[in-house]
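Each protein sequence line maps, in turn, to chains A and B. Residues 44 to 845, numbered by my numbering, are exactly what the first sequence covers, in order. Residues 1115 to 1343, numbered by my numbering, are exactly what the second sequence covers, in order.
FYI, nobody ran anything at the bench for these hints, they're computed from the structure. These numbers were taken from a predicted model, which means no experiment stands behind them. Think of the CB as a built atom: it goes at the ideal place given N, C-alpha and C, for glycine as much as any other residue. Just to be clear, a hint being listed does not mean it is correct.
If you want the footprint, here are the derived chain A segments under chain B, 3+ residues with CB under 8 Å [as the list claims (entries may be wrong)]: (1) 180 to 192; (2) 664 to 678.
In silico negatives: residues of chain B with every beta carbon more than 12 Å from chain A [what the hints assert, rightly or not]: (3) Gln1200; (4) Arg1217; (5) Glu1260; (6) Val1264; (7) Glu1265; (8) Asn1307; (9) Ser1309.
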Amino acid sequence: MAYNLVGKNFAVGDAAAKVTGEAKYAEDFRAEGMVFSKLWTSPIPHARVVNLDTSEALALPGVLAILTPDDVPAFPPPQDPILTYEPHFVGEPILAIAAESEEIAAEAIEKIRAEFEPLPFTVDPLDSLFPGGPNARLDGNVAASRIDLQQVKWGAGEFAGVDQGRLPMGAPAEEWAYGDLEAGFAAAALVIEESFVTGGLAHHAMEPRSSMAYWQNGTCFIHTGIQSQAASVPSFARLLDVPVENVVLVSEYCGGGFGGKISAGPTMSIAAHLSKKLNGRPVQLRLSRENEYAVGRGRPAFQGNVKIGFAADGRVTALDLYLVHDNGPHIGAGDFRAAANAASIVFTPPAMRWRAIPVLTNTPPRGAQRGPGENQIAMALEPLIDRAARELGIDRVAIRQLNAPTNDSLLGADQGPITSAALGAAIAKAAEMFNWEERKTRSGQRNGSKVTGIGVGSAYHSAGSSGFDGLLRIGTDGKLYIHTGVGNLGTHSHYGTARYAAEAMGYDWNNVEVVRGRTDRHLPWTVNQAGSNTVYTTTRVFQVAAEDAKQKLLEIGALEMGGAPEDYDIQSERVVSKADASKSITFAQAASRATDLGGKYDGHVVPEDLNPMTKASVAALAGTGLIGVAKDNMPKPGVTPGLVAAFVEVEVDVETGKVEMLDYVAVADAGTILHPAGFSNQMTGGAVMGFGMAVLESYAYDPVIGVPARAGFYQAKPASYLDVPKTFETSSTEDHLDPTNPIGAKGIGEPAEGAGGAALVSAITDALGGHNFARTPITADMIVNVVAGREQSYRPLQVNTI
Amino acid sequence: MSGHIPTSRDETIAADTATEPTQGCGGPLASLARHKATRRAFIKGVVASGATVAGMGYMFRSGGMRSAFAATGAVERLITLRVNGQDRRVDVAPNEMLAYTLRYKLGLTGTKWGCDRGECGACTVLIGDVNYYSCSTMTHAVRDREVTTVEGLVGPNGELHPVQQAFVDELGPQCGFCTPGQVMSAVALLRANPSPTIDEARLAMSGNLCRCGAYDHYLKSVMNAAGRA
Chain A
44 MAYNLVGKNF
54 AVGDAAAKVT
64 GEAKYAEDFR
74 AEGMVFSKLW
84 TSPIPHARVV
94 NLDTSEALAL
104 PGVLAILTPD
114 DVPAFPPPQD
124 PILTYEPHFV
134 GEPILAIAAE
144 SEEIAAEAIE
154 KIRAEFEPLP
164 FTVDPLDSLF
174 PGGPNARLDG
184 NVAASRIDLQ
194 QVKWGAGEFA
204 GVDQGRLPMG
214 APAEEWAYGD
224 LEAGFAAAAL
234 VIEESFVTGG
244 LAHHAMEPRS
254 SMAYWQNGTC
264 FIHTGIQSQA
274 ASVPSFARLL
284 DVPVENVVLV
294 SEYCGGGFGG
304 KISAGPTMSI
314 AAHLSKKLNG
324 RPVQLRLSRE
334 NEYAVGRGRP
344 AFQGNVKIGF
354 AADGRVTALD
364 LYLVHDNGPH
374 IGAGDFRAAA
384 NAASIVFTPP
394 AMRWRAIPVL
404 TNTPPRGAQR
414 GPGENQIAMA
424 LEPLIDRAAR
434 ELGIDRVAIR
444 QLNAPTNDSL
454 LGADQGPITS
464 AALGAAIAKA
474 AEMFNWEERK
484 TRSGQRNGSK
494 VTGIGVGSAY
504 HSAGSSGFDG
514 LLRIGTDGKL
524 YIHTGVGNLG
534 THSHYGTARY
544 AAEAMGYDWN
554 NVEVVRGRTD
564 RHLPWTVNQA
574 GSNTVYTTTR
584 VFQVAAEDAK
594 QKLLEIGALE
604 MGGAPEDYDI
614 QSERVVSKAD
624 ASKSITFAQA
634 ASRATDLGGK
644 YDGHVVPEDL
654 NPMTKASVAA
664 LAGTGLIGVA
674 KDNMPKPGVT
684 PGLVAAFVEV
694 EVDVETGKVE
704 MLDYVAVADA
714 GTILHPAGFS
724 NQMTGGAVMG
734 FGMAVLESYA
744 YDPVIGVPAR
754 AGFYQAKPAS
764 YLDVPKTFET
774 SSTEDHLDPT
784 NPIGAKGIGE
794 PAEGAGGAAL
804 VSAITDALGG
814 HNFARTPITA
824 DMIVNVVAGR
834 EQSYRPLQVN
844 TI
Chain B
1115 MSGHIPTSRD
1125 ETIAADTATE
1135 PTQGCGGPLA
1145 SLARHKATRR
1155 AFIKGVVASG
1165 ATVAGMGYMF
1175 RSGGMRSAFA
1185 ATGAVERLIT
1195 LRVNGQDRRV
1205 DVAPNEMLAY
1215 TLRYKLGLTG
1225 TKWGCDRGEC
1235 GACTVLIGDV
1245 NYYSCSTMTH
1255 AVRDREVTTV
1265 EGLVGPNGEL
1275 HPVQQAFVDE
1285 LGPQCGFCTP
1295 GQVMSAVALL
1305 RANPSPTIDE
1315 ARLAMSGNLC
1325 RCGAYDHYLK
1335 SVMNAAGRA
């Protein structure tokens, strides 16, 4: 389909502000009378704070207020507390102090006196599941959303094979199965079983989750960098214990989120709570890098076991997956569930069983991180698909295409439908761009100490939802005001999706204003800026809002110029008679008429099914122009899979363990590309994070004292310019359109990471003659050790270790 | 496993039939027990009075406004800094870092703090023609130097510097937080080497981290800018 705006690059509205320093992030704000605050955090992994003495701190001139756990709302365990006298990880906030200057606040923090009564702790889920092993919490060691906090210990017998690297598999906390698993394995020509570890890692967004807040007449104004805009408001209201209408969230920019800042985390509310104690005086809390590491959320590690059956032609016959999920100390994340869905759709096993247990550890709280669960499992399973291909004598691309999902494939436990899938086409296109047939012959070639490896990987994320609201306003000036609650995470989709709103209305992009960034700008209820959801979900809401606006324009045309709405068309920001093109009114005239008409035309009457936030926004805008507003009730008969296939060529130096990526190719099953530059940014940036997962990054904790060894960038090692290929090539399966999206588009930000990381793991495995480490990250020392035939430094199945 | 050091799991396996596991001494802490130390005593030893360690940790690890210069007796001196072509009079403490002076005293918040300890490059500014981490540069050390921040690149009529324009055209930024530092390093590179190869560019830029992983677009921006110069 030919579009005017969709599929074309444009000057992203806030790019200039980002390159000039004009863009204001949370800690760039200054307000009249603003004061500063600092956190006092736990130095040990689990303790009770006793004999607290803050008198010296409070006596320091310039100290204004102290915030204690008693001053803030408490939530039922194991939900994350805002502040706590029983910290569960190193760096967990206990108290906060506000002072006239940041220096005085820091000085006061150092004058707090207390004792820490140590409590049991653990940094490894398997240690905690062992009989008599330590619990991360006094009230249990297993919990997640929808899994009650409880204590679980397995029998010692379950651990019999652990030192040989076999995952203990006691009673799971949750499980499902479909198909005939036994028959699937019985029919298999090859069965592969392996236990594996995928490391957990911190988000390390460049911008720490700093915030600045003040109160006016009972309303809290919070400035922070958060992924979601509209959707974050309820989480702040909960943390502040106020109604949603008493929260104004200012978040024009967010310095990186990756799932770690989807909605308000507890630390983001501390400045607001301090401000309340100071009768609304503005308070800024600038988090240090160390604070951000501790409270900034991270990806759970998996200690897993998988058994996969393959027919002689390479078709997967059955898949049995067990995951022990490191959930951190609090409510944590749902990676263990998402991983299962990913396995079920990427390899489409006709029979599958999944069992899992989320175990608590005294390490940073976990949350979603880009492709949660899905990207870990991609890195664990893709090398096994390679092994099956080798053992069965099948091409590694062919085996993936054979098992790749199509439109008819089914997902997960209930084997529900999906809206579209063309992973096979993505693999084929990427293979061609990569020149797979020629390159695969280089596999294993040695040049001095360097060995060539060729890798392929794919990954999945559920990339679209429905049920949110779209809100458009045509002002009496004739401009289109696109009200959007999409956050500014760095994907540029706050503008990219607005382009579709303008497209659907036939607007000149220069006559459009995107209204966003602060929730007091009257924003509609909008999907979380997360889960690769925005492109799919928000083009749908703009579709329904545009349909509503256009219908109203046609009705006004008929009222003004006679006849029926069907007698008119929308052309170049005018309502034009189909019969006589000289009969027309401008959108500006129509908007003025709408304000005369009132009722539904100018927002005085709205559809009942809108979210209350949208209703409040429309009520505020009522009478200012023609309002197009609707809830997305379009059919969505299944999960919308975002899928990416990736290829990479590496040289592995077997003397130093250094892995150098030569180039990288990835193709998304994403249909229409809404914004090519933004698409490329997500595809390449996602891959870079995937490379980090594959070879660089993981949590490391001293098992004896429970302190982190990789809190800083130089230890955590997020990929730098020198760790990634010099060239990236990315594309989409543009002729495979999702039928449930107005432009046939799907999100890709998350599988872009999993596919990239899995391709890199596959390539390293290939270079080493098929040696599967069954562990990520694959660090240089691991490569050197395996080449030299030495033992690895970690215990089998150990997580959170160097 | 040969040479396998007995671990918690081994120990606990061995001790499994024992009636009462030591509270809090499962897991790796069993190694402490081998050394006849209780975990609690060990932690107490480490933590001492608790707050002292917390405070020390703060001082050593969080950087920035170290209490030393907040402490009484730290005397600020009025000096003149040459920033973005202007002389700026400013009171500066003896151990004050340039990023702090720029952000807190001169209102130049385009310079970001990503780590405040010389790891990430978000605070990169030019001193003369050379890029520096301003979080790790003493303000007093640049008294007689020309300091340029990202705000200082913009022309008198608001026109973008060629490097900034290239970063917009190639859509270099994602979240944008590291972008000012990336821009400054790119400017420094192109002043020193107006026609870098890609290899030279990625080496020159490698002191600037980007968690969004926007390196491909940033490199294209740098090469694009080199073409304009």
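Hints, one by one, checked against the model:
1. 180 to 192: Coverage by chain B is violated here, the residue count being 0 at a Cβ distance below 8 Å.
2. 664 to 678: With 0 residues close enough to chain B, the hint is violated.
3. Gln1200: Check passes; 16 Å lies beyond 12 Å.
4. Arg1217: violated, 8 Å
5. Glu1260: holds, 18 Å
6. Val1264: violated, 4 Å
7. Glu1265: violated, 5 Å
8. Asn1307: Holds, because the least Cβ-Cβ distance between Asn1307 of chain B and chain A comes to about 16 Å, which exceeds 12 Å.
9. Ser1309: At roughly 17 Å from the nearest Cβ of chain A, Ser1309 of chain B sits farther out than 12 Å, so the non-interface label holds.
Violated hints for the displayed structure, listed by number in ascending order: 1, 2, 4, 6 and 7.
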